[in-house]
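Novice: If you read the protein sequences in the order shown, they are chains A and B. Residue numbers for the first sequence follow my numbering, so the first one is 1 and each next one is one higher. Residue numbers for the second sequence follow my numbering, so the first one is 1 and each next one is one higher.
If you are wondering where the hints come from, they were derived from the structure by calculation, not from laboratory data. A couple of the hints might just be wrong.
Unchecked claim - Derived DEER-like restraints, expressed as beta-carbon distance ranges:
| no. | chain 1 | residue 1 | chain 2 | residue 2 | range |
| --- | --- | --- | --- | --- | --- |
| 1 | B | 16 | A | 70 | 20 to 30 Å |
| 2 | B | 276 | A | 146 | 48 to 58 Å |
| 3 | A | 224 | B | 373 | 20 to 30 Å |
| 4 | B | 318 | A | 68 | 30 to 40 Å |
| 5 | A | 20 | B | 276 | 27 to 37 Å |
| 6 | B | 297 | A | 202 | 39 to 49 Å |
| 7 | A | 220 | B | 385 | 32 to 42 Å |
| 8 | B | 282 | A | 218 | 20 to 30 Å |
| 9 | A | 73 | B | 385 | 42 to 52 Å |
| 10 | B | 297 | A | 68 | 54 to 64 Å |
| 11 | A | 73 | B | 276 | 31 to 41 Å |
| 12 | A | 65 | B | 282 | 33 to 43 Å |
| 13 | A | 218 | B | 297 | 49 to 59 Å |
| 14 | A | 142 | B | 297 | 15 to 25 Å |
Heads up, the beta-carbon is just placed ideally off N, CA and C, and yes, glycines get one too.
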Amino acid sequence: MSTIELIDLTKHYRQGKDVVRALDGVSLQIHSGEFLSIVGRSGSGKTTLLDLLGLLLRPSSGTVRIDGADTTRLRDGQRADVRGRQIGFIFQEYNLLPALNVIENVLLPLRYAKSTVKDGRARALQLLEMVGLSDRLRHRPDELSGGQQQRVAIARALIHRPALVLADEPTGSVDTQTSEDLLALMRRLNHEEGVTFVIVTHDLDLAAQTDRTVHLKDGRVVSDQAVERAPLASTSQHEEKE
Amino acid sequence: MIEIIRNLARRKLRSTLTISGIVIGIFALTTMGALAAHFNQQLDVGVQYYGSNIQVGAPAGQQIPLLPLAKMDQIRAVEGVEAVFPTYSLLVNPGASFSFGGPAATIVNWIPEQVARMQPKTNIAQGHDVSPDTGGEVVLGTTLASTLKKRIGDTVDLPVKPADASRDFVSHPFTVVGILNPTGTAPDGFAYVSTADARLLFADTLPPAIQSSSELRQIAPGFTVYGKAGASLSQLDAIANRINAQVSGVKATKPSIAVNGYKQFVAIFTAITTGAAILALLIGGLSVINTMVMAVSERVREIGLKKALGAHTSHILREYLLEAALIGLISGVIGYLLGVGLTSLINAGSASGLQLFSITPTLTVETIGFAVVLSALAGVLPALRAARLDPVTALRTTN
């Protein structure tokens, strides 16, 4: 059960003489198993927040606690180890390695992680089955559609059984139908694997299908509320549970 | 490893350009290095050759530079002298006193006991040595044999008649009976004839009044003196000094003077080729560094991704080190082989039989090693820089 706490997090950049306050005092608690979206206009600080959550950036001040442990003081290598054990990433542009085929891309995090995952290959096959790509194991990324590539990236994000998956505009480069399919897939994995999903998006329709939406504006949280489930969304959720 | 090879195969143009850049550098390095190695080698054996004996001639100012053979007994009595031989030598091509890259082709008398003492070791590679009695036989050095395009059994007129020879120019037919092993120095350009024949050829060069002199058999233009085997240059210099002090009417040249003269002669070539090799090293090195830096800089985003997925800086370094070293190895071997191909072609195609390039084992190790080490360094430095970036900065880099 990992809870993530953000305590008064700020991130300031120097841009010439000006200081840009990308994040300006954000406090949040994210509980294990949540399916959460972060929305806001571009420049609102949502990607910065995601980078801080993923220990890709260091905050200017404030703390990120994972299971009560302060990550601020960790050295770069230790932060890499935390990422390699506990965090999965999904990017807008998929970021698959073109030289590797589907299953090799999925297995990539295990190359670096001091992982406890024993049979990585079996796990990869299971995940690729779940994302519907069992018949594409030896394909290269450039032989796949955008939606398929993102499915590979989703499988890659889960290979090491992370506690938290961070998705940055995961549906930003695909059409509406594919976008809905991908979201449904993430939702299913959230249920079946019990993994926390934090999805950054500017797509309010997509955000409406998550359980909780945090709205950022100018680096501050302006609203943080549970999504009132529309009847259609709850029906589909119900179907999936069966 | 598979990832590296696929990366190379995937970006064919990029890989071809990268490898070509390094290949050109290593190719230049191999050819220039082979040229420098050749002159260094020639310098070494030349120093060995000129430093192995003492040349004795007539003192400066003597009207006719000839020595009575009787002086040989006096020289033999000098402390440290082991052997003395009369030496008759004249140019194969009269008038041509200079030859590129080495001493001029020379007709010399063959004395088996003397040849046995020569450094570097000089042996008959094909055929047999000249018989002292038969006459009209010649053993050729390798370079001279290919310059004259003569093989065993062929006939050669010596000295070679120059294009502008006067009507009374005299040459004699000789049958090639042997070819020497390559020594890398003077004997490669020698034509060895019997002492009697050499004396006759030498006599042809003298004024007619002396030619007919009945004492011709009792004189020589010079002697070659040997100390005990393995005598040092300074020991031979000391012997030369003693000969000058104890034997009148002769002038022994200290071998150190001959060696220094030879060094000066070769030094200019060595300087030019070494300079060219260093230039090739710099240009080749920069070409290697440039191509590797460019190739890695294109992949900052990939490095950022790997870091986001949990890779440490050391993981990144290891991967890129291996890849860059492999590229260096492939390119180095190709560049080296091209260099070997070109230099062998030039060596084989040389009309004069002049060997200008030497591919030595040291050169092989140095050029390929240079390609590998420099590529690895040039690949790792930008990878290290990229690996030290915030993963976020690296990830958001647009290539």
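Novice: Next step is simple, just say for each hint if it's right about the structure.
Specialist: Hint check results:
1. Distance hint for residue 16(B) and residue 70(A): a CB-CB separation of about 51 Å, inconsistent with the stated range 20 to 30 Å.
2. About 55 Å separates the C-beta atoms of residue 276(B) and residue 146(A), a value consistent with the hinted range of 48 to 58 Å.
3. One distance hint, 20 to 30 Å for the beta-carbon pair residue 224(A) and residue 373(B), is violated here, with the actual separation near 56 Å.
4. Hint check: residue 318(B) to residue 68(A), Cβ distance near 34 Å, so the stated range 30 to 40 Å holds.
5. The hinted window of 27 to 37 Å between residue 20(A) and residue 276(B) is violated, with their beta carbons roughly 55 Å apart.
6. A C-beta distance of roughly 31 Å is found between residue 297(B) and residue 202(A), which places it outside the suggested range of 39 to 49 Å.
7. Take residue 220(A) and residue 385(B): their Cβ atoms lie about 35 Å apart, and the range 32 to 42 Å holds.
8. For the pair residue 282(B) and residue 218(A), the supplied restraint of 20 to 30 Å is violated, since their beta-carbon distance comes to about 55 Å.
9. For residue 73(A) and residue 385(B), the hinted distance range of 42 to 52 Å is not satisfied, since their beta carbons lie about 25 Å from each other.
10. One distance hint, 54 to 64 Å for the beta-carbon pair residue 297(B) and residue 68(A), is violated here, with the actual separation near 41 Å.
11. At roughly 57 Å, the beta-carbon separation of residue 73(A) and residue 276(B) lies outside the given 31 to 41 Å, and the hint is violated.
12. Taking the beta carbon of each, residue 65(A) and residue 282(B) are about 55 Å apart, not inside 33 to 43 Å as hinted.
13. For residue 218(A) paired with residue 297(B), a C-beta distance near 35 Å fails the hint of 49 to 59 Å.
14. Between residue 142(A) and residue 297(B) the beta carbon distance is about 22 Å. The supplied range of 15 to 25 Å therefore holds.
The structure does not agree with the numbered hints 1, 3, 5, 6, 8, 9, 10, 11, 12 and 13 stated previously, though it agrees with the rest.
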